[in-house]
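Asker: For reference, the chains in residue letters:
There are 2 protein chains.
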Amino acid sequence: MSNTNPARGMRDFLPDQIRKRNYVIGVIKEVYEKYGFEPLETPSIENLSTLTNKYGEEGDQLMYKILKRGEKLKKQLRREDEVKEDDLADLALRYDLTVPLARVIANNRNELPRFFKRYQIQPVWRADRPARGRYREFYQCDVDAIGSKSIVVEVELISAVSEILNRLQFSDFEIRVNHRESLRKMVSEAGIGEEQTSDALVSLDKLDKIGAEGVYKELSARGIDQTAASAFLDSVNQESIPKELAELTRMIPQIKIDLSLARGLSYYTGAIFEMVLTKGDFAGSIAGGGRYDGLIGMFGKEEIPAVGLSLGLERILMIMEERDMFPDDLTTNAADVLVTIWNEETASDSLKLAGELRQNGLRVTIYPQPDKLGKQFKYADQIDVPFVCVLGESEIAENTVTLKNMKTGDQETLSVKEAIERLSDHFVTTDSK
Amino acid sequence: MSNTNPARGMRDFLPDQIRKRNYVIGVIKEVYEKYGFEPLETPSIENLSTLTNKYGEEGDQLMYKILKRGEKLKKQLRREDEVKEDDLADLALRYDLTVPLARVIANNRNELPRFFKRYQIQPVWRADRPARGRYREFYQCDVDAIGSKSIVVEVELISAVSEILNRLQFSDFEIRVNHRESLRKMVSEAGIGEEQTSDALVSLDKLDKIGAEGVYKELSARGIDQTAASAFLDSVNQESIPKELAELTRMIPQIKIDLSLARGLSYYTGAIFEMVLTKGDFAGSIAGGGRYDGLIGMFGKEEIPAVGLSLGLERILMIMEERDMFPDDLTTNAADVLVTIWNEETASDSLKLAGELRQNGLRVTIYPQPDKLGKQFKYADQIDVPFVCVLGESEIAENTVTLKNMKTGDQETLSVKEAIERLSDHFVTTDSK
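Chains as they are written, first to last, in the working numbering: chain L, 100 to 532; chain F, 100 to 532.
Please keep in mind that the hints were generated in silico from the structure rather than gathered at the bench.
Please note that a few of the clues may not be correct.
Same chains, same names: a pair is fine if it fits in one copy or spans any two.
As the list claims (entries may be wrong) - With a cut-off of at most 25 angstroms between alpha-carbon atoms, the simulated DMTMM-like pairs for lysine to aspartate or glutamate come out as follows:
| # | residue 1 | residue 2 |
| --- | --- | --- |
| 1 | Lys119 | Glu132 |
| 2 | Lys355 | Asp448 |
| 3 | Lys400 | Glu346 |
| 4 | Lys506 | Glu520 |
| 5 | Lys305 | Glu288 |
| 6 | Lys308 | Asp185 |
| 7 | Lys400 | Asp304 |
| 8 | Lys171 | Glu156 |
| 9 | Lys342 | Asp324 |
| 10 | Lys474 | Glu210 |
| 11 | Lys451 | Glu346 |
| 12 | Lys173 | Asp186 |
| 13 | Lys174 | Asp189 |
| 14 | Lys128 | Asp428 |
| 15 | Lys173 | Asp185 |
| 16 | Lys378 | Glu517 |
| 17 | Lys474 | Glu293 |
| 18 | Lys128 | Glu413 |
| 19 | Lys516 | Asp189 |
| 20 | Lys477 | Glu210 |
| 21 | Lys378 | Glu421 |
| 22 | Lys474 | Glu402 |
Note that this is a predicted model, so its numbers are computed, not measured.
Please work from the sequences and hints to get the whole structure.
Answerer: Okay, structure coming up:
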């Protein structure tokens with residue numbers, strides 16, 4: 100007997116969880132498509148060189164690398180000198196959906212339209228320390244617009260993601276915005292050297308979690324002197340709107356400028372966003388993104404502007420669960436009807452009846468083997484099936500079926516045709532008939 | 100500039116490919132659910148110990164292992180003695196969907212119903228040599244029934260998968276069946292030792308690809324003597340129906356007994372199946388599976404019977420593409436309508452119009468920036484959008500919009516309300532209004 104738990108930080112999803120996930124993913128896809136975004140998927144595994152040096156220091160550390168195989172690995176293991184981590188891997192698991200997108204754009208420039216709007220809903224992997232709501236495999240729901248520097252694109256992205264959150268019944272989200280250019284200015288005006296910009300932003304990004312004092316300490320630890328660190332932290336509390344964001348504020352008046360918003364990833368170059376829930380125990384960021392006009396150019400000949408937003412599916416699902424936000428009519432059972440089996444000889448009759456019911460649009464399961472009727476009802480109860488079709492010897496002889504309503508306990512012997520009509524009226528909507 | 104191709108054996112899916120994949124996946128899900136199967140998902144990453152020694156020799160070799168990280172890795176790299184492959188990894192990527200299912204069943208026995216029917220549509224990874232139609236990341240669409248030894252379960256699985264193939268318009272598939280028990284008898288009656296059963300079956304499994312002579316050579320290479328190898332190969336041509344399969348043949352008369360069918364994976368214990376296309380250039384297996392009554396017991400305290408079938412999505416898609424089998428009405432464009440932008444000042448008006456059109460159920464994209472009208476039309480053509488809403492200065496002044504039909508070239512200036520009505524009539528079906 101072995102350990103049957105999923106690996107650390109990983110999850111199995113049982114049917115009810117999948118139905119909830121699919122409901123949320125369905126809403127996200129529908130809205131993204133209504134805004135003219137097209138679906139794209141990329142492989143889970145990328146060449147290591149595609150991913151490294153794109154996310155900043157932390158990203159490189161948390162990446163899952165894949166062990167070389169066969170001769171390539173043997174060659175390394177035979178080496179006399181010291182073997183390094185990077186000698187052992189040339190592939191890695193996708194760390195986000197943005198860097199793979201940049202690679203795809205550079206690789207398919209001539210096949211894709213000049214302005215390319217895509218959405219992508221796939222898992223990513225990060226070897227982070229597992230915590231409440233933080234997993235090592237999790238879905239991102241990204242939406243990106245490629246090819247334009249116009250602010251119209253930022254507005255469309257924010258509108259699409261806002262519409263998704265509204266449709267899912269989130270009423271307390273705030274759209275926080277900052278700009279990498281104004282952050283860079285703050286860093287330099289505080290007297291922090293250009294080479295430490297990234298250090299300063301990574302620290303600032305933790306303000307929510309560790310507070311001003313924590314950030315101050317971290318800045319010091321990273322070798323930024325006291326005066327500069329204080330000046331930098333002070334500048335976050337300015338009231339003025341950075342000029343880079345004036346137009347966006349005009350077009351979406353409800354956005355909130357947040358000068359402390361930094362975002363961890365190193366590829367952002369312009370506006371950066373976060374959608375934050377503000378009420379209750381479950382406050383926090385559920386979407387984020389920004390403009391990254393330099394990333395695609397790292398892969399191709401051309402600099403191509405781009406901007407994107409990513410919805411955190413796991414976070415959204417966790418909060419919807421805790422706030423009880425799923426619609427009441429979400430399917431939660433395996434079937435509309437269970438067909439019983441009387442004995443081995445009548446199994447084919449039960450299979451035939453199940454087939455007829457399915458042809459009429461019903462979701463039908465069959466008890467897999469002959470058994471006491473009581474056990475078959477008990478199972479129907481366990482899997483929460485609302486109706487049972489009992490097909491015993493007398494029913495088969497008379498070409499009837501006994502239909503039992505598991506909720507009321509009522510049962511009635513009907514012709515097969517009547518039973519199908521009764522069930523169809525109950526379950527099958529007009530347009531799917 | 101770096102290599103922008105996907106890693107070897109991996110693929111990027113552009114929008115039209117995803118739409119085709121989603122169409123096929125949609126049909127598969129719908130049928131599985133009609134048969135009472137419930138959705139389940141498992142993590143991409145499993146503990147290495149979960150996966151090893153389940154698939155046979157080849158499987159263990161083709162598994163993608165994940166490099167240890169941090170201190171765990173450093174410890175290995177510092178070792179004085181020889182470092183082995185298995186010292187460097189304790190995680191691996193999912194190799195199929197059956198072994199993870201067995202782990203989940205063992206882990207959730209009390210939460211799952213006594214008979215559990217699940218489907219699972221997720222990618223798996225195998226470091227196989229890439230070839231036409233063979234990739235290193237590919238989707239499997241599995242359907243499994245847990246908890247019963249009854250043949251009813253085999254019948255239901257074969258019916259469900261047959262219905263999927265029929266719905267996708269495959270008319271030339273054959274259901275081939277064999278039984279591991281009768282294979283084992285053939286092996287032992289040929290005089291091959293029990294310890295070489297797995298060798299003999301792995302070789303036999305290649306009969307289609309390498310022919311009888313090839314199998315004969317491979318059996319010899321694996322140390323099976325000439326007499327035994329010949330006797331074994333002869334026994335495959337028997338005409339009789341193995342007694343283990345008599346009942347299944349009675350219940351599904353159209354199945355074909357194929358005594359040479361072996362299937363590579365080592366966990367099968369009973370009936371094994373393959374769905375094979377028989378016509379044209381693209382013949383070959385598109386689904387396979389079997390009964391594996393021993394696998395779940397390897398993880399838990401209990402032996403639990405199980406049987407499953409797996410549809411090969413990549414193969415199905417490849418053949419549907421080559422045979423031109425996709426429905427004509429599959430959506431192939433990003434939007435129903437493109438809204439133009441006249442200048443920076445009127446961008447908000449265009450955004451507002453796009454919003455109104457979306458509220459009326461239309462899929463709407465917006466040209467992202469002010470540009471010459473000709474360029475905006477050219478782009479609409481490129482992304483294959485059937486209608487363009489031109490919103491110029493005069494239209495804005497008069498609260499109208501010029502609607503251009505990109506197919507006929509006709510254009511007409513209408514009130515916004517009229518334009519919405521016109522477009523809704525064209526695109527929005529009654530029930531989604």
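Asker: Please go over all the hints and tell whether each is borne out by the structure.
Answerer: Hints, verified against the model:
1. Lys119 / Glu132: both (20 angstroms within a copy, 16 angstroms between copies)
2. Lys355 / Asp448: between (66 angstroms within a copy, 23 angstroms between copies)
3. Lys400 / Glu346: Intra 31 angstroms, inter 65 angstroms, cutoff 25 angstroms: neither.
4. Lys506 / Glu520: within (19 angstroms within a copy, 45 angstroms between copies)
5. Lys305 / Glu288: within (21 angstroms within a copy, 71 angstroms between copies)
6. Lys308 / Asp185: Answer is neither: 32 angstroms inside a copy and 39 angstroms across each miss the 25 angstroms cutoff.
7. Lys400 / Asp304: neither (32 angstroms within a copy, 48 angstroms between copies)
8. Lys171 / Glu156: Between copies only: 19 angstroms across, 27 angstroms inside.
9. Lys342 / Asp324: For lysine 342 and aspartate 324, the Cα distance exceeds 25 angstroms both inside one copy (28 angstroms) and across copies (84 angstroms).
10. Lys474 / Glu210: between (59 angstroms within a copy, 18 angstroms between copies)
11. Lys451 / Glu346: between (66 angstroms within a copy, 16 angstroms between copies)
12. Lys173 / Asp186: both (11 angstroms within a copy, 13 angstroms between copies)
13. Lys174 / Asp189: Intra 14 angstroms, inter 21 angstroms, cutoff 25 angstroms: intra and inter.
14. Lys128 / Asp428: Both. Shortest intra-copy (20 angstroms) and inter-copy (19 angstroms) distances satisfy the 25 angstroms Cα cut-off.
15. Lys173 / Asp185: both (15 angstroms within a copy, 12 angstroms between copies)
16. Lys378 / Glu517: Result: close neither inside a copy nor across copies, 53 angstroms intra and 42 angstroms inter.
17. Lys474 / Glu293: neither (73 angstroms within a copy, 41 angstroms between copies)
18. Lys128 / Glu413: Answer is both; intra-copy 16 angstroms and inter-copy 23 angstroms each pass.
19. Lys516 / Asp189: neither (62 angstroms within a copy, 57 angstroms between copies)
20. Lys477 / Glu210: The answer is between: 15 angstroms across copies meets 25 angstroms, while 57 angstroms in one copy does not.
21. Lys378 / Glu421: within (13 angstroms within a copy, 54 angstroms between copies)
22. Lys474 / Glu402: Only across copies: lysine 474 and glutamate 402 sit 21 angstroms apart there, 67 angstroms inside one copy, limit 25 angstroms.
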